[in-house]
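In the order they appear, the protein sequences are chains F and Y.
The first sequence lines up with residues 0 to 528 when you count with numbering that gives the first Met the number 0.
The second sequence lines up with residues 0 to 391 when you count with numbering that gives the first Met the number 0.
Please note that the accuracy of each hint is not assured.
As the list claims (entries may be wrong) - Interface residues of chain Y toward chain F, partial, derived using beta-carbon atoms under 7 Å: (1) N260; (2) V262; (3) A269; (4) K275; (5) L279; (6) S280; (7) G281.
No wet-lab data here; the hints were simulated from the structure.
Every residue gets a Cβ at the ideal spot worked out from N, C-alpha and C, and that includes glycine.
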Amino acid sequence: MAALLEMRGITKVFPGVRALDNVTLTVEPGEIHAICGENGAGKSTLMKVLSGIYPHGSYEGEIIYDGAMLANRSIRDSEAKGIIIIHQELALVPLLSIAENLFLGNEVAGKSSIGRGVISWPETFQKTEQLLAKVGLSDAPTTKVEKLGVGKQQLIEIAKALAKNVRLLILDEPTAALQENDSQKLLDLLLELKAQGVTSIIISHKLNEINRVADRVTVIRDGASISTLDKADITEDRIIRDMVGRDMANRYPARTPNVGEVLLEVQNWNVWHPEQAGRQMIKNVALNLRKGEIVGIAGLMGTGRTELAMSLFGRSYGKNISGHVKMAGRAVDCSTVSSAIAAGLSYVTEDRKSLGLVLDEPIARNITLANLEGISTRGVLDARRETQVADSYRTQLAIRTPNVFQKVVNLSGGNQQKVVLSKWLFTDPQVLILDEPTRGIDVGAKFEIYSIMNDLADQGRGVLMISSEMPELLGMCDRIYVMNEGAIVGELTRAEASQEKIMALILKGKEPHSKNVGENARKTKGRAA
Amino acid sequence: MAQDQDMNARLGAHLRENGMLMALVAIVLFFTVVVQLTLGVDFLSAQNITNLFLQNSYVIIMALGMLLVIVAGHIDLSVGSVVGFTGAVAAVLTVNMGLPVYVVIPLVLLVGMLIGAAQGYWIAYWRIPSFIVTLAGMLVFRGLTLWLLNGQNIGPFPKSFQSLSTGFIPDIFGVDKPNMTALAVVVLAAIVIIYIGWRARKSDVTFGIIPEPMVMFAIRNLIVASALIFVGYKLATFRGLPNVVIVLSILTVVYAFFTENTVMGRRIYALGGNEKAAKLSGIKTDRLVFLTFVNMGVLAALAGMIVAARLNSATPKAGGGFELDVIAAVFIGGASMSGGVGKIIGVVVGALIMGVMNNGMSILGIGIDYQQVIKGLVLLAAVIFDVYNKNK
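Isolated chain F, as found in the complex (with noise of 0.2 Å):
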């Protein structure tokens, strides 16, 4: 059978940078066809050559599509081809409706000349109906999109995908912000998809997601296509070799814990929701943390991690907090984000360009921003200092960057985590709280954040790491707390821990009567708020 998609040599040029270098894919009718490599191989410059983000003439090489050459102008030409792609950040509108939505920019509108642009709403909610019902929702056509949890929306992407009738569908890392069991409902509809003869292209981080659903897998590295492999061939192993061009017979890195002390002792932590009142988000959470120690938070997406972490660091979340926070058996005041700091507390976000990062200031300015005390005499700032400062952490943390005045927008996931660390490393924290430090970050650079981690440690600095990625916590923690609902249900050490006691734990901890769909949405509302 004639392959439905062949990109040939692909070569794509910005200026001073090959971001794509003679580029080969091949993707068979009806089958899942998974592209790996490191953040800024060059995956998402491929995808856009192809949706014609970038248009024909803007790069070299030629894709054939369906036997004919395709010429793609902008991203509609490639729509009505039944070319869609699926960007990692949603594009969907929060306070429309699912309905609205579904059928932006393809509304069902009247074709006569007295309805034209009419919007025909009896026929939109029950096309919605239909759509829903392929990728298994069951929500109301007119409930607010806002209102959906990260799982749904991903889903109602697709459902907008199939109103346009797709062939061949292109997901950028459509797993990244989803937990377990959406994104395993995700996965599967995908294979439902495929048995209806929709062809689909998948980016992803995460092996084990690629070896279930993946049917081949090309590995992009530097700009170039390094090998596709076929299901047979497909092991993780293999595909880390590829992305980064070595073997990584350790995804982490060694170290041997020299616990000291306790450093950090939190008692009775009782949290409210900001909003609705009498929700409590944290319920008598007790800690601790000791020199030297890296603790693991696990836990579902939602079940009061982040909130228990900002509200810790200067009561950055919540309402009615209570509770003591101890360092090193005294207590100290936690009540602002000043204070947390002065107290030795540092939060690296889990959400670094919204939260974590000054984006379109440079990296020395991102770096000094919460000790600018440090580079300044009576509130003048030296300049001298800024830049010795910011270049010692550029050479300690292996921040590539031609220099410390490039713009942080400008930098990779990995490089901008690492000016996130070093923000908070200039503020001489005892305790780091690290947030999803790994998130959307490509492996080679995990493990750079993975060793930075284990010298903080050794510098007998105690790390709180909070991560959805079990492999992770369990491959890095000296100890594990489980959360649930709000509270601690566990705490293993890294002898006992395993991926099935954290998931038993969880599923323990949880209250006996089951919750309703409707309460669940409104609890990722709450967190997105």
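Using the hints, position chain Y against chain F.
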């Protein structure tokens, strides 16, 4: 290759600043030629240059404060009305109550501060959008101006108050034509500017940044220095340095230093760039927003007094529409609507561009209708230039 990119980025940044400066020079030259040809008058006469500063000082003064407000991600629509109101307060205190000028000035500045605090309070601590709060303020203070003045003009002011706007620095060297003090001040200023630029360039090199090409640096400084000395010489042959120019220059230097070299200035940029990230870095963002509005109020009050002193009376209409000139100057000067971006020097150049155009078009006798259209298009063009440069 990375170096090329870096170079381009640096040149882009310089292009913006140099571009605005070139535009200002071009506009001045344009009016000089056109005014000479059509009316046979010298656009750059000592008197007109003096007028230019007297007419535009209040826009520049308020633009300094407005830059901070806009960098913090907000807007202040009330400044025109505050100018009217504080001018009226000054008139009541001076003319009706007979208070001396050294009591009136601090009192009026205090009034401005309270106005800024009153508006900033709702914006910073109640998170009411600044557009709405200051729109309300615009109406409230215009109304209060009418009420305070009873719909009448109050004036004239005593000489001591008028000198705020129309006074000149006497020649301490006793030469007076030309005024040696004025000459000495501008020559000194030119030397300082070149020295500071030179030092910044040198420190760029030590930090491994590629500085702008020497030629560009030299040309720019040559233009700035010669323009400064030319303006100073012209002023010196007329009546010397106006008091307002001194106030203006000091404020410009202070605010430029504040925005670029102080912890607090830096924090305002961070707040405008990403408020949440700034907050989670321990910055008290609410208080900073509050303070930028307090500061704006004080500067608006200063401008209010200068305007009243220049008109020699407080009128119910004083300051009407000033907010638009001020905001336009800030955006022409390169600030971004979304906050976090903008420089004091750009704002001053932006305000001068607006001022020169106002002045030149008035001399040419261009109707107020066309003037508005042209000013509007210049604002749009400046911002399009920015966006185009950024997307390139």
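Each hint tested on the structure:
| no. | hint | result |
| --- | --- | --- |
| 1 | N260 | holds, 5 Å |
| 2 | V262 | holds, 4 Å |
| 3 | A269 | holds, 5 Å |
| 4 | K275 | holds, 5 Å |
| 5 | L279 | holds, 6 Å |
| 6 | S280 | holds, 4 Å |
| 7 | G281 | holds, 4 Å |
In the structure shown, no violation is registered for any of the earlier numbered hints.
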